[in-house]
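Let chain A serve as the given structure and place chains B, C and D with the ligands on it in line with the hints.
Protein chains in written order, with numbering that gives the first Met the number 0: chain A, 0 to 90; chain B, 0 to 993; chain C, 0 to 415; chain D, 0 to 203.
Just so you know, the hints here were simulated from the structure itself, not pulled from any lab data. Hints should not be assumed to be uniformly reliable.
Which chain B residues stay away from chain C? Per the calculated CB distances, all over 10 Å, these [what the hints assert, rightly or not]:
1. ARG115
2. THR129
3. GLY192
4. PHE202
5. HIS348
6. LEU374
7. TRP431
8. LEU638
9. ILE687
10. LEU711
11. ARG889
12. LEU892
13. ASN910
14. GLY915
15. LYS953
Heads up, simulated BS3-like pairs for lysine-lysine below, C-alpha to C-alpha not over 27 Å straight-line [unchecked claim]:
16. B:LYS878 - B:LYS689
17. B:LYS926 - B:LYS953
18. B:LYS282 - D:LYS68
19. A:LYS85 - D:LYS28
Computed from the model, here is a short list of chain B residues facing chain D with C-beta under 10 Å [said to hold, decoys possible]:
20. ALA232
21. GLU236
22. HIS593
23. GLN666
If you're wondering where the values come from, they're calculated on a predicted model, not measured in any experiment. Glycine residues also receive a C-beta, built at the ideal position from the N, C-alpha and C atoms.
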Amino acid sequence: MRIACPHCGLRDVQEFVYLGDAAPQRPDGLAATEAAMFEYVYLRDNPRGLLEELWYHGVGCRAWLVVRRDTLTHAIEYVGLAKSRKAGAAA
Amino acid sequence: MRKQLHRLNSGGLIDRTQALCFRFDGKNYDGFAGDTLASALLANGVRLFGRSFKYHRPRGLLSAGPEEPNALVELRTGARREPNTRATVVELFQNLEATSQNRWPSLGFDVLSLNRLAAPALVAGFYYKTFMWPARFWEKLYEPLIRRAAGLGRAAAVEDPDHYDKAFVFCDVLVIGAGPAGLSAAVAAGRSGARVIICDEDFRLGGRLLAERRQIDGRPAADWLAAILAELASLSEVRIMPRTSVFGLYDHGIYGAVERVNDHVAVPPAHQPRQRGWRIYAKRAILAAGALERPIVFPGNDRPGVMLSGAVRAYVNRFGVLPGREAVVFTAGDGGWATVRDLTEAGAHVAAIVDARSEINPESKTMALRVGARLFAGSVVEATHGGQALRSVTVRDASGKRARLACDLLAVSNGWNPTLHLTSHQNGKPVWEETIQSFVPGRLPPGLAVAGSAAGRFTLAEALRDGARLGREAAVEVGFAAAAADPVPATDAETDGLAPVWRVRGNRGKAFVDLQNDVTDKDVELAAREGFRSIEHLKRYTTLGMATDQGKTSNLAGLAIMAEQVGKAICETGTTTFRPPYTPVAIGALAGHHRGKDFRPVRLAPTHDWSREQGAVFVETGQWLRAQYYPKPGEQDWLATINREVLATRSGVGLCDVSTLGKIDIQGSDAAEFLERVYINGWKTLPIGKARYGVMLREDGFVMDDGTTSRLGENHFLMTTTTINAAKVMQHLEFCHQVLWPELDLRMVSVSEQWAQAAVAGPRSREVLRRVVDAKHDISNEAFPYLAAGEITVGGGIPARLFRISFSGELAYELAVPAGYGDAMMHALMAAGEPYGITPYGLDGLNVMRIEKGHAIGTESNGQTTARDLGLGRMMSSKKDFIGRLMAKREALVQADRPSLVGFRPVDTNNRLWAGAHFIGIGRAAKTENDEGYMTSVAYSPNLKHWIGLGFLKNGPTRIGERIQAVDPVRNGEVEVEVCSPIFFDPEGTRLHG
Amino acid sequence: MRYSGFTLISQALRGHTGWRPAWREASPKSTYDVLIIGGGGHGLATAHYLASRHGINNVAVIEKGYIGSGNVGRNTTIIRSNYLLPGNTPFYELSMKLWEGLEQELNYNAMVSQRGVLNLFHSDSQGDAFARRANAMRLAGVDAELMNLEQVRTMLPFLDYKTGRFPIRGGLLQRRGGTARHDAVAWGYARAADSRGVDIVQNCEVTGIAVTDGRVTGVETTRGQIKAKKVALAVAGNSSRTAAMAGMRLPIESHVLQAFVSEGLKPLIDCVLTFGAGHFYVSQSDKGGLVFGGNIDGYNSYAQRGNLPIIEDVMEAAMALWPALGRVRLLRHWGGIMDMSMDGSPIIDHAPVQGLYVNAGWCYGGFKATPASGFCFAHLIAKDEPHPVAAAYRLDRFATGRLLDERGVGAHPSLQ
Amino acid sequence: MAEQAKSIWRPRSAWAGIVEAGQIGVDGKPGVTALTLDDMGFATLIVPPGSPDLASATKRMIGLDLPKKAFVSLSSTHGVAWAGANHWLLFARQQAGFVDLLQSFSDHAAVSDQSHARAALTVSGPRVREVLAKGAMVDLHSSVFPVGATALTSFAHVHVQFWRTDDGPDGPIFEILVPRSMAGSFWSWFAASAAEFNCRIDRD
Ligand SMILES: Cc1cc2nc3c(=O)[nH]c(=O)nc-3n(C[C@H](O)[C@H](O)[C@H](O)COP(=O)(O)OP(=O)(O)OC[C@H]3O[C@@H](n4cnc5c(N)ncnc54)[C@H](O)[C@@H]3O)c2cc1C
Ligand SMILES: NC(=O)c1ccc[n+]([C@@H]2O[C@H](COP(=O)([O-])OP(=O)(O)OC[C@H]3O[C@@H](n4cnc5c(N)ncnc54)[C@H](O)[C@@H]3O)[C@@H](O)[C@H]2O)c1
Ligand SMILES: Cc1cc2nc3c(=O)[nH]c(=O)nc-3n(C[C@H](O)[C@H](O)[C@H](O)COP(=O)(O)O)c2cc1C
Ligand SMILES: [Zn+2]
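Just chain A, with the same shape it has in the complex (with noise of 0.2 Å):
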């Protein structure tokens, strides 16, 4: 596979690294709760399909990345910044 890197380019997939599931959001703060947290950190949608997914561009530029990729043909249809993704929602 390859990963469009917004910074980097196109790279071999050999240069990052995976998390997984780029949905689940961390329950923040003080005031969070076992339940979601225990949500956040265990339980996956785990689609056949289409997935956004958190990669991180370990042997380049550092980035994590969102990637939406579909886990039955690994096609990409789009990679975008993860920190961007987060600065976006809260404006």
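Relative to chain A, chains B, C and D with the ligands alone:
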């Protein structure tokens, strides 16, 4: 020179001026440059090439290409011995040495061919039904027998002496196969200026054109070939790669290929690789891999002398070898007739043409007449005769009448199967094409197109047309302007009528579907009878298509016979999955440079050479090599060394390299806030110029890493991590910053490589440092107390950092200098410490001292333990959120009786302790139910003069003073130990502050 | 029809015309007492033990493709019980005991071969960690030996002891570990279950799970609706998708694991060997192919195929460990989809929906578990309470913190 | 005492004990030339997202444009290479004065001195791309990797940053930085890969 009895006097693409001698089974032969091992042996009249897998039947050449199921040999000898090599693809070289395999004592006389006597019982899957009693006989008797009989060639027994490379290459258009389709595609794409790579596994480019007598634009195809190769060579962005097999198609246009750089010589020239594994990144690819001819299943079809008709043409036309003098051609289509023509022209006599079709066109009839061959229409070959070489065949005609015909060659033609393997590597399913009675590529992976025979368009005209069109299209798709299209050259007339015969029933002899794995038509029927009817079950039950040829010539016949058994059409049964590699690939080529000490990079500290000078013994820690201890001449064993190092440190001063620790520079106005969130303890209050110990959890509440972090400025921190976890922590921090809290003002970078760092520990450490640190810095106890951290200079202005931290429990410092000065620092410290007897100590000495102090390291924070388990529960702040806070509170993780960290000492102080021992109550049975924890680290304490250990024990801290057994059944140990505080030495910590 | 050397010979004399299908080609009935989704090793074993141990015969195994098309038919066939944690060891040891009697129990030769499993270690601390595991095994009554360098060298003289980047220091040997013929395990259980009346339905995909009032009532399939009192999931790799049909989310990701086989060779290696410094293992099949495995590709996938980085990684490890393999050729490589759980250990439990049972999360290691998994799952389904040796495999352990994380890598499936 | 200390405190090249000047591989005209670079100054510069003034500071202080994408700006004495989002590698051909330069940059970016963290070398020659292709998973063709381009990637499992400087008489020239600790492994791969083309080695 020895006479090559079956070599034609002229013709062929061999270089008759370059004779090569070689050996097969200990006998010398001659061949020519341009031969394969197969063609050269055939030229010498060799018929028998090997023995089959199960029945050890004599086997000859079936094909002239990579699909060969029979002619497998061991190539070369000794360390370079290469088993299961297809003689049909081995390029002949001077002094080549090959041996037949899977036979004993010789190819001609093979004892295991007696298996044929048991053959009636050795049907598909027989082993599932027997060998079950008595149970213990399986490993002792049956299995060793089966294993010895199974297998094919013998691997080399010693290290492969050759070098292998790996390389990466990028292109706009990759063309796989250099037959007429591939060459046309490459030129069409190349002319537009696109970067083109054209690979062919053969050592000579041209594909089937090399084997056929064809005309292009009214001239011999060889002329066209020469012209197109010259043009390709002239295009600067085109790369031509002969001897290169594309073996696999991977995601996103990545192709695996292997180049046989020096397989055509006995020993690679100095500094050159034997083979090179390529990863090809292609924007577009065109598969022009041609087609494979398929045999017919009939009784006796495995006798040496039965050969694919296209292979016969290849031997005649390309290699100038006559595979037989008296031939019979058995064909289900027009393909066989070309063989009749070529054989006759080469001087062989075709005794008969057996065409399974009842309608024969008039031109063919004329031809049969002309060449003096008997024509059997609507007929089949029903049996073959001869021992280890074909002598005659029995033909059965449409009326059921039989005739026996003498011959030494039977050429078989049953149509072709597109070489579509690569199109299936990404789950693509081939689809049945009725008109050609074959599977053709189905849905294609993105970026791949298929040209010519590989697409099931079998004529030369189609190959040329497809290639030109797809090559041009591919270039345009990746952004090049289309080059002007030449008219597609004209070709001579060709016909491809076909009515395939899947099998001929007969009652004499076995009819083989899979020649290499000895699967017969009866085996397929048996599988059907026993319910293994899915083609995948058929494959797995009978092993059809699972041999080294992966069923290239057998799969379809197997499916067809199964389809007939279950009353289905072939299109309903589908095919089994083609998997990479297309042809087998040497493991060496896939590993390339990465073997031996180059398997993975090794990281050396900037102080490494110094440690080596000091005689260090090194140990792997993650990627690093670290000094373990520094033996001195005369020391009895490692324990003596370590004791010396520890005692010298505790009584005077010791020096230890700690350069490998991870170091992360953290700056920004939110740096302190960030640390609050990633560490369990508080950071906002840390004053500038101070260091603090921190513990980091994973989000699931278990300890991830620990280390000290120093505040160098209001918004500037320097974090240290453990050696092993440095990269993991960096990644985690980047995650926390970029994914969780991008709003924080924060800048981070690893500076691990920039600093060499040394621990100077022991009561005299300050005095040593005083002589190294530039005089202007006050490092007195008052000015630079425990946990002070500051930027200083050494050596007259070299920037350095000093930390008053201690892992050993002594008055201690860590001094960091830019890595280039690491070696100097060690020498300077040694020189300065000389009056105090400064002693280098390694990881082992460090380990003793940290165990004496009860400090946990990776063996304690092993990913299964929480901060609470480590006795650090109170560090967890309740005033802030931090990673892992909530999950660490889960009920099972705060249970009182969770094993927690305590110390252990042997009750009998002469006993040694072992890490990995488990704790069992005294008098209780050594059983899981009574298991109360385990020992993580042990050391001999030269200060206490006995062994000490750390470990996790249920309710540990409440059991100080209790006795328990540390049991170690795998090392036959059982030691009674006393539970104690994990801090064995200087529990008040007074030495630290000294 | 009983299999034996005698029947084989008598059939040989009759041209093998008397053999009958190993299992019937069943069409689904309208209703079953127990419906098992997934005709892999675990599903088929569950059916066999339900019928043979609990007398529950009105059972169907519903398989979307052909039986054995999943991981049971594509794994590297290692069986062992060399586990560390008390929640795991007895379970895998039960499995090992069942393997030891499997052929006789099933009247099918699954070629269980106790050739030994040797895990190499490369540093003192790794050696200590292995000692801890070996001791845990011995406490649980499992065989384990710690081998020093010389013993390893005697056993496997052809490894690289000289130039290796990670020098070999010793190994943990479980002699009773070994391999089994993967497909035969599926076929053997299928035949045994079938002989007790279990319906094995192939080419039938479950597309929905019917739940009424919090109770399961049956399933939707590509061949129509089937009613069942109890429904059991054993769909390795597809657990999340199937559980979602009943509204459940699992602590699981689906990952691809590749496997590799070389061309057939005369016997070379007599045990299963694993490399402690890389993710790599090798053994030799009865047919002579060297069977290699490595790490997962490391991303969620349902594609049953992998990519070059891991292929090269495995071959690099092969050459690093065993440098005589340079000219041995890789014949085929493939992938399987495994449900990687968040602590690397499996789940055998009730679902929140009544009458629904889950068997999932087997990661790299579920082949060796096949007999015990079927045995314990059958127990759970029949008695509605967990079998004692599988009692740790609860779904709620992630919430309570009673994790079974052998490797200590945390909730990170691609590291498990 | 002070005298002695001075003589001890000499920096050591990252290539010391690893690379020796000379020739490796086949005889003949060198296909590749490697030149180790010592005494260079390196530092990472990181700014908060959107911070504008580093560009003007760079222009002012070393006369170079701050590259926005994966490029490097070079002068005969200095250079600045893009090294990630809001992240650059500043370098000087000589360490003298570098500390002061970093001091003045520290008002405009988070500065971390990395002068000793990298082992640097220049590789060139007609076959240089073929050697690098044995490790580089990035496309080095001129149309994709022109003069001035840089990439962070790995060669043969070793992290590297490298860039292409102006072409020389023998074709492209690349400067490669590897982590100091891995210089030995890097060299082992490079030497084995270059040997078939004949490699001349010069020490700076
Ligand atoms: C490459 C590889 C190597 C491995 N090596 C080992 C090893 O050496 N040792 C070891 O112990 N373990 C190993 N494993 C793990 C082991 O193979 C699996 O854990 C185990 O086989 C899973 O259980 P199973 O046999 O029931 O799964 P499977 O055989 O996968 O069975 C699940 C079945 O469910 C079917 N199914 C799925 N969804 C549906 C549906 N909706 N309707 C109907 N049917 C459905 C599937 O088609 C499949 O047949 C390996 C796995 C892989 C992939
Ligand atoms: N009359 C018939 O029945 C019939 C049938 C088939 C082919 N043909 C003739 O064959 C020719 C077809 O032309 P074409 O170009 O399609 O095929 P081709 O067979 O001429 O060329 C295919 C080439 O691809 C190479 N190749 C295959 N797989 C490869 C791989 N994985 N990696 C590297 N190289 C690989 C082969 O070595 C071969 O050189 C025409 O001349 C046609 O007339 C005739
Ligand atoms: C232990 C084991 C040994 C295998 N040996 C062979 C072999 O000798 N030849 C072969 O072609 N395939 C072999 N295979 C691979 C199968 O052909 C097949 O690829 C695998 O079961 C996955 O199925 P699939 O490729 O149909 O998806 C083996 C598989 C396993 C699990
Ligand atoms: Zn990037």
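Point to revise | Violated constraints from the hint list, given by number and in increasing order | key: 2, 11, 12, 14, 19 and 20
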